[in-house]
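So the protein lines, in turn, are chains V and W.
Using my numbering, the letters of the first sequence correspond one by one to residues 1 to 372.
Using my numbering, the letters of the second sequence correspond one by one to residues 373 to 936.
Since the hints were made in silico from the structure, they are not lab data.
Take the hints with a grain of salt, since some may be wrong.
[As the list claims (entries may be wrong)] Examples of chain W residues lying across from chain V (beta carbon under 10 Å, computed):
1. His638
2. Arg723
3. Gln761
4. Asp763
5. Ala765
6. Ala908
7. Pro910
8. Trp911
9. Met912
10. Val914
11. Val915
Glycine residues also receive a C-beta, built at the ideal position from the N, C-alpha and C atoms.
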Amino acid sequence: MRTRRWAAVAAATLIVAACGSDDKSADTTAAGGSETTAAAGGDTTVAAGGDCVVGVSWNNYQEERWAKWDEPALKAAIEAGGGTYISNDAKSSAETQASNLENLVTQGANVLIVLAQDGTAIKPAVTSAIEGGVPVIAYDRLIEDPAALYITFDNQLVGKMQAEAVFALVPKGNYVIIKGNKADANADFLRSGMELVIGEAVASGDITIVGEDYTDNWDPAKAQANMEQFLTAADNKVDAVLAENDGMAGGVIAALDAQGLAGKVPVSGQDGDQAALNRVALGTQTVDVWKDARALGTAAGEAALQLCKDADASKVAGASPFTTPGGNDLATILLTPIPVTQDNLDVVLDAGWIDKAALCDGVDATKVAVCA
Amino acid sequence: MPDEIPDTDQSAADQARKPWPRWKRFGALAAALIVVSGGVLVVTGWPSGSATSPADGPPNYVDESASAGIDHTYAGGFEFFVGGGVAAFDCNDDGRDELYFAGGSEPAALYRNESPVGGELRFTEQSSPVTDLTAVTGAYPLDLDSDGQIDLAVLRRGGNVVLRGLGDCRFEDANDSLAIDGGEAWTVGFSATWEGSNTLPTLAFGNYLTPGGDTCGDSRLVRPAAGGNTYAPPIALTPGYCTLSVLFSDWARSGQRDLRMANDRHYYLDGSEQLWQIAPGAAPRQFTESDGWRPLQIWGMGIASHDLTDDGRPEVFITSQGDNKLQTLDEGAVGPAYRDIALDRGVTAQRPFVGGDVLPSTAWHPEFEDVNNDGLVDLFVSKGNVEAQIDNAMRDPSNLLIGKADGTFVEGAEAAGIVSYDRTRGAALVDLNLDGMLDLVEVNRQVNVRVWRNVGRGDAEQPQPMGHWLAVRLHQSAPNVDAIGAWVEVRVGERTVVREVTVGGGHAGGKIGWIHAGLGEAASAEVRVQWPDGEAGPWMRVVADQFVSIDRDAAEPLPWAPQQ
């Protein structure tokens, strides 16, 4: 499953490496084949106290999001419950990550939280940890081990929220649906959520789907090209577009704009990308379903503490069985995302997710309250 | 092992004509490689006092892209995100490798090599409607009809073409005369092997997506027809998993050259890397888990094969996105039971080593070659974003991993001077100016081809090799005059390096001709050829720093010198 990056951090991740640009992963590393994160201000020591040692395996710690959003929430939840946080950085290597899991256990981790670089490749190491008595939380990215605890946002609900916001404005008319990567199960989860909202209207003929397709790699340029074709085929008679993420929504809106339709045709998205939130403020994008990473970190930290006491994932509060694309039933905590429209942009502002300048760039402050 | 080379008469009589000798681990290397759990590799593979020199750093490369006379890019949209290969081969008998570049939506191009020996790289385009085909993704050179002229298997999106070499770098379309069905597939991979005593080689075409669709097509096996001089209709290799590279190789040293496929998991749901059993006269059959084959799901782009552990059975490096893979057979494995040692050896190369981009790399064309002539093979890996994939690194330079004595590799592209941020695809490490040092050619999406001249520890004005070297080309009587499928063994002191002669692998391109070996501080080496039918020739002593032809029917290697 291709993992989607958080485009909101795209601009910020071109870090000019200050202390040497050599990627140490090419060197034979010290025993254990990994290193604990030495990020500025990061906690790299294993505390003597704390019954519950939570080992967090980051796939790529240098991507801005983890240190900025997920890690603080994780640590706060763990430490609030008297636990200890230790971590590792796999530097985008699935092989290193497998080695890192062993290393965390050697360092005393009682439970692991794994943000998989490659959910398929890491599975043997996860299975091995679980069988060795160390429970594992699959953090945001699925790992198909039936005994793991999976914590993620409810993607079907994301799709439902995308459709709800648009359907409220366009209960009847011609719809285009721009989906993500075909081989990515999330694209179908999102679509199934949309179906819950528009299915009846489609069946009754109130809504006609004049174009629907997957988009290779969630590529915005491809989404734009597809949208252009759908507009041409429908002679521009398109009343609403359900785009599954912000990147593609950007492509869709560019296509609409070329036909003078931007701002007139509701469009959905998700991810809370800076450009997309700005479009919501501008009025060209109707909704941006936002997944607050802090909620993910908090949920995982709390679940880890519970697993320390009882390793059975199905007993964790808030977990229920979820059938995965691989046909496994995993105990899963599905978190609720937040649909952001022009009416509640303060949510992302208050969270510090986006600053006012970026959110309100080009926005008529008299029309949008948060930009005043 | 003999301490001295027997004289000619005695060697002819005494030479044991052994069928397929089982490779035995050398006593001196018995301490072998021990992998400690947790990932630390303790290697005592190279005995102290061996004739190999201590590992040196990378050589210096001089960028001669602007002056080499090559003006060519790999162009096009989605259809040409993959591919972009280069074929290196001599088509005018001067010992220098010409270069044939895929062009994607633009025409392919053939460049004649006119570099002075030891001098700056110089090429001249040789245009012809026969070779300047569009929709070319890559090409592989081989003497398919064994007439002494190199032919080209030209891979295209929408109809592959075999071009017969006519000499003097002229070619003609041979699909009709060979009864080759070019097909309509999107072909990026190719490999060839001679099965049994066939006149013509068996060909494998690695096919990607079905053109215009989003499902994987089937690759094709093309075998000679009963008459022997033309081909039978292709055999579909089903199921297909979006193949980007294929390689016939005698992975088990059993005498059978099976077909490995590198596949792109981006497009398949239930697929894997594949290994096909190719037994003469039998239908191809996939190795399965019950044979020991372990499913591996990667974004497989290119294959390189080289024995790194000195057990005679090659390790296989496969490029991907994120981690690259280095596969080795389990100790005592009977079937194809591979496990990964990329992390142990320092060749995961999963993300850019310079330039600040922290996202995973996209790797394409790998090659094992000794670029610093220290006797330890190095590993080149071309890199570049597929196009604008935001999940992967944009500034993604190619790697030049320098082999060390302990079996690990250290990144050296920056010191070598070859760092670029182009979207590189195919590449070739070849001695373009016949000075014993391997130069580098890179094909790039949307920007010009790059060529770098290897000047060793010297500079542009005064190149200086960092170690002794040898270049060998093989010859036997038809069929298969270049002895594809042979194993070349080069022995220095107590250490023997083996190399399989193959057509295939890499990404969308390959090379043929001189087989290069670095010798480090040794001023001579012993060379033996195990010919494709299994028969081993005699050990021959060869003085270093020269080009030699080894003819199967000749008792001695024949030195070759370029005309200036």
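*Supplied contact hint for Trp911(W), tested at 10 Å Cβ to chain V*: violated (35 Å)
*asked:* Restraint: Met912(W) near chain V, CB-CB cut 10 Å. Satisfied or not?
replied: At 37 Å from the nearest chain V Cβ, Met912(W) fails the 10 Å test, so the hint is violated.
*Interface restraint verdict for Gln761(W) against chain V (beta-carbon cut-off 10 Å)*: holds (6 Å)
_Restraint outcome when Ala765(W) is required to lie within 10 Å of chain V by C-beta distance_ = With a minimum Cβ separation of about 9 Å from chain V (threshold 10 Å), the hint on Ala765(W) holds.
_Does the closest beta carbon of chain V sit nearer than 10 Å to the beta carbon of Arg723(W)?_
With Cβ-Cβ at 5 Å, under 10 Å, it holds.
*Verify the interface restraint on Val915(W): the C-beta must sit less than 10 Å from at least one C-beta of chain V.*
Nearest chain V Cβ about 36 Å off; hint violated.
*Does Val914(W) pass the interface check with chain V, least Cβ-Cβ distance below 10 Å?*
Status violated, d = 34 Å.
_Status of the hint placing His638(W) at chain V (closest C-beta pair under 10 Å)_ = With Cβ-Cβ at 7 Å, under 10 Å, it holds.
_When the least beta-carbon distance from Pro910(W) to chain V is tested against 10 Å, hint result_ = violated (40 Å)
*Closer than 10 Å between Cβ atoms is the bar; does Asp763(W) clear it against chain V? Give me holds or violated.*
The hint holds - Asp763(W) has a Cβ within 10 Å of chain V, the shortest such distance being about 5 Å.
_Restraint check, 10 Å cut-off on beta carbons, for Ala908(W) near chain V_ = violated (36 Å)
The structure fails to meet hints 6, 7, 8, 9, 10, 11 from the earlier list, while all remaining hints are met.
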